[in-house]
Amino acid sequence: MNLINQRFRGPWTLFKKEILRFWRVSFQTVAAPVMTALLYLLIFSHVLGGRVEVYPDVPYAIFLIPGLIMMSILQNAFANSSSSLIQSKVMGSIIFVLLTPLSYLEFFLAFLSASIVRGLVVGFSIYFVAICFIDLPLIHPLFILAFAIAGSGMLGAFGIIAGLWAEKFDQMAAFQNFVIMPLSFLSGVFYSIHSLPPFWQKISHLNPFFYMIDGFRYGFFGQGDISPWFSLTVVLGSFIALSFITIGMLKAGYKLRG
Amino acid sequence: MTPAIKIEQVHKQFGALHALNCVDLTIEQGEFFALLGPNGAGKSTLINLLAGLLRPTSGNLSVMGFDVMAQYRQARRALGVVPQELVFDPFFNVREMLRFQAGYFGKGPENDAWIDEVIESLGLTDKVGTNMRRLSGGMKRRALIAQALVHKPPVIVLDEPTAGVDVELRYMLWEFIKRLNRDGHTIILTTHYLEEAEALCSRVALLKQGEVIALDSTKNLLASIPGKKLRLKLSAALPANLQDMVRHQEQHDYTLSLNVINQVEYVLAELRSANVVVEDMQLIEADLEDVFINLMGRHESN
Numbered sequence: 298m299n300l301i302n303q304r305f306r307g308p309w310t311l312f313k314k315e316i317l318r319f320w321r322v323s324f325q326t327v328a329a330p331v332m333t334a335l336l337y338l339l340i341f342s343h344v345l346g347g348r349v350e351v352y353p354d355v356p357y358a359i360f361l362i363p364g365l366i367m368m369s370i371l372q373n374a375f376a377n378s379s380s381s382l383i384q385s386k387v388m389g390s391i392i393f394v395l396l397t398p399l400s401y402l403e404f405f406l407a408f409l410s411a412s413i414v415r416g417l418v419v420g421f422s423i424y425f426v427a428i429c430f431i432d433l434p435l436i437h438p439l440f441i442l443a444f445a446i447a448g449s450g451m452l453g454a455f456g457i458i459a460g461l462w463a464e465k466f467d468q469m470a471a472f473q474n475f476v477i478m479p480l481s482f483l484s485g486v487f488y489s490i491h492s493l494p495p496f497w498q499k500i501s502h503l504n505p506f507f508y509m510i511d512g513f514r515y516g517f518f519g520q521g522d523i524s525p526w527f528s529l530t531v532v533l534g535s536f537i538a539l540s541f542i543t544i545g546m547l548k549a550g551y552k553l554r555g
Numbered sequence: 263m264t265p266a267i268k269i270e271q272v273h274k275q276f277g278a279l280h281a282l283n284c285v286d287l288t289i290e291q292g293e294f295f296a297l298l299g300p301n302g303a304g305k306s307t308l309i310n311l312l313a314g315l316l317r318p319t320s321g322n323l324s325v326m327g328f329d330v331m332a333q334y335r336q337a338r339r340a341l342g343v344v345p346q347e348l349v350f351d352p353f354f355n356v357r358e359m360l361r362f363q364a365g366y367f368g369k370g371p372e373n374d375a376w377i378d379e380v381i382e383s384l385g386l387t388d389k390v391g392t393n394m395r396r397l398s399g400g401m402k403r404r405a406l407i408a409q410a411l412v413h414k415p416p417v418i419v420l421d422e423p424t425a426g427v428d429v430e431l432r433y434m435l436w437e438f439i440k441r442l443n444r445d446g447h448t449i450i451l452t453t454h455y456l457e458e459a460e461a462l463c464s465r466v467a468l469l470k471q472g473e474v475i476a477l478d479s480t481k482n483l484l485a486s487i488p489g490k491k492l493r494l495k496l497s498a499a500l501p502a503n504l505q506d507m508v509r510h511q512e513q514h515d516y517t518l519s520l521n522v523i524n525q526v527e528y529v530l531a532e533l534r535s536a537n538v539v540v541e542d543m544q545l546i547e548a549d550l551e552d553v554f555i556n557l558m559g560r561h562e563s564n
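Just so you know, the sequences run in chain order A and B. Offset between the first sequence (1-based) and my numbering: plus 297. Offset between the second sequence (1-based) and my numbering: plus 262.
Worth flagging that the hints you see were computed from the coordinates, not collected in a lab. C-beta atoms are modelled at their ideal positions from N, C-alpha and C, and glycine is treated no differently. Where hints are given, some of them may not hold.
What the hints assert, rightly or not - Restricting the straight-line Cα-Cα distance to at most 25 Å, the calculated cross-link-like pairs of lysine-lysine (BS3-like) are:
hint : chain 1 : residue 1 : chain 2 : residue 2
1    : B       : 268       : B       : 402
2    : A       : 386       : B       : 440
3    : B       : 268       : B       : 440
4    : B       : 470       : B       : 481
5    : B       : 481       : B       : 440
6    : B       : 402       : A       : 313
7    : B       : 414       : A       : 313
8    : A       : 465       : A       : 548
Claimed, not checked - Listed next, the stretches of chain B that the computed footprint assigns to chain A, with coverage defined by at least 3 CB atoms under 8 Å from CB atoms of chain A:
hint : segment
9    : 334 to 348
10   : 363 to 376
11   : 517 to 528
Said to hold, decoys possible - Computed from the model, here is a short list of chain A residues facing chain B with C-beta under 8 Å:
hint : residue
12   : 302
13   : 303
14   : 310
15   : 333
16   : 336
17   : 389
18   : 390
19   : 394
20   : 396
21   : 398
22   : 555
Please build the complete structure, drawing on both the sequences and the hints.
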């Protein structure tokens, strides 16, 4: 037992540090995204509630909440690994990790798991606040969990890539605003892809965020634009592909070890 | 005995720049070693290669017999590095940061007593609960040294540990590093203060433009400079025929370099005939600075 402890203590410590890092500023990393999601919920369900019915017998608020939860999970998983990396790179404190015997794989797993935890903490928080006001169905909880984990994992890996690539906060903000924001807003959180003209429907199908939102939503009320199994395959495939790219970059020491 | 550090035929290139050229260096266990050289000589590059922060273009480096690339886990466990810049993680206090650092090396609660010892000997006891961000420059420097020691590395590299540190702290750090060396740690120091290398280190390597231009014991290097220096405080300017001996001048305070001791007589005779009064006089032994200037100059003319 002690031997196992020692073997895994390195990556476990890095994971713990990454968790504590966001928990220390939880007002900004957890409370703020929950607040934002609730504001979206309040405004959109007020404006569109009763006017838009995406699926038969599904009120707009019930349609909207899962999408908002998933969007927040994805954005926060991305923010966790990317901002931790860019900060420690700019501050120079990244060397404290680079000087240690931690392998590139352990580095990857620690950052990835911390991102998943942050995504799930934010997701659960929004869920618990939302069910105080609205009765939310929960038809396929395993789908919900699978999409939440795979989605936050994928964005956590994506965040590591962005954090390795960016050298300034400015570049990171550009990545966030020009890649992550459009992908999440154009993924069908606020509307169904089916309501779009055929051309934009096709474009939307190229957006991996669409599959994450659609599949996640299916877990709540059992309806979606496409099969949840197909979505899950796409999401897992993207997660694995991005993980390989990230691991490759870490192994090569991309912008970390010259 | 396995050498603490072995550097063989190491070459490091950044684009067109040859930062290190064919460096060979062996440092034995228990040595107190100085890496000297002007800015851009390759000192930090060499340290970063040892620490695995950079990868050599060619050649091999090992720490306690472990190759820094192939056996990086063992090599990094054997090495503690104090970086030059005052870097820190703003989210944590001193104790948390030290425990995390130990944890990365696989050390758990069993190591806490050692961490407390390091904290105490570096005078950080009052600051253990203080966030790294709130520490003064001197305290940050101490915390950085503590951070390099949490895993009890046999080899410790300090990259300009006393840069920007006040005199009191400098002497305290010197004592601390000397104690580490007495306790059996191998110490490698880079420094700009030649006085520091002279006071502490038993062996010195001099780097210039990526090459080791001198490698010898401090004693031998000092003996290689036969001359002494003559410091004079004069009533008027130095006569023109003595100007080429001037090493340093500040108003009427002059430092002259002497190749042989009986040049003193010549200097005094010249001063007397020029009617210049000697207000104060001191004869000084050569120091590492002279060795440094001498070798750098000689290398230049080659």
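Going through the hints against the structure:
no.	hint	verdict
1	B:268 x B:402	violated, 31 Å
2	A:386 x B:440	violated, 33 Å
3	B:268 x B:440	holds, 22 Å
4	B:470 x B:481	holds, 21 Å
5	B:481 x B:440	holds, 18 Å
6	B:402 x A:313	holds, 23 Å
7	B:414 x A:313	holds, 22 Å
8	A:465 x A:548	holds, 22 Å
9	334 to 348	holds (count 9)
10	363 to 376	holds (count 7)
11	517 to 528	violated (count 0)
12	302	holds, 7 Å
13	303	holds, 5 Å
14	310	holds, 3 Å
15	333	violated, 23 Å
16	336	violated, 28 Å
17	389	holds, 4 Å
18	390	holds, 4 Å
19	394	holds, 7 Å
20	396	holds, 6 Å
21	398	holds, 4 Å
22	555	holds, 5 Å
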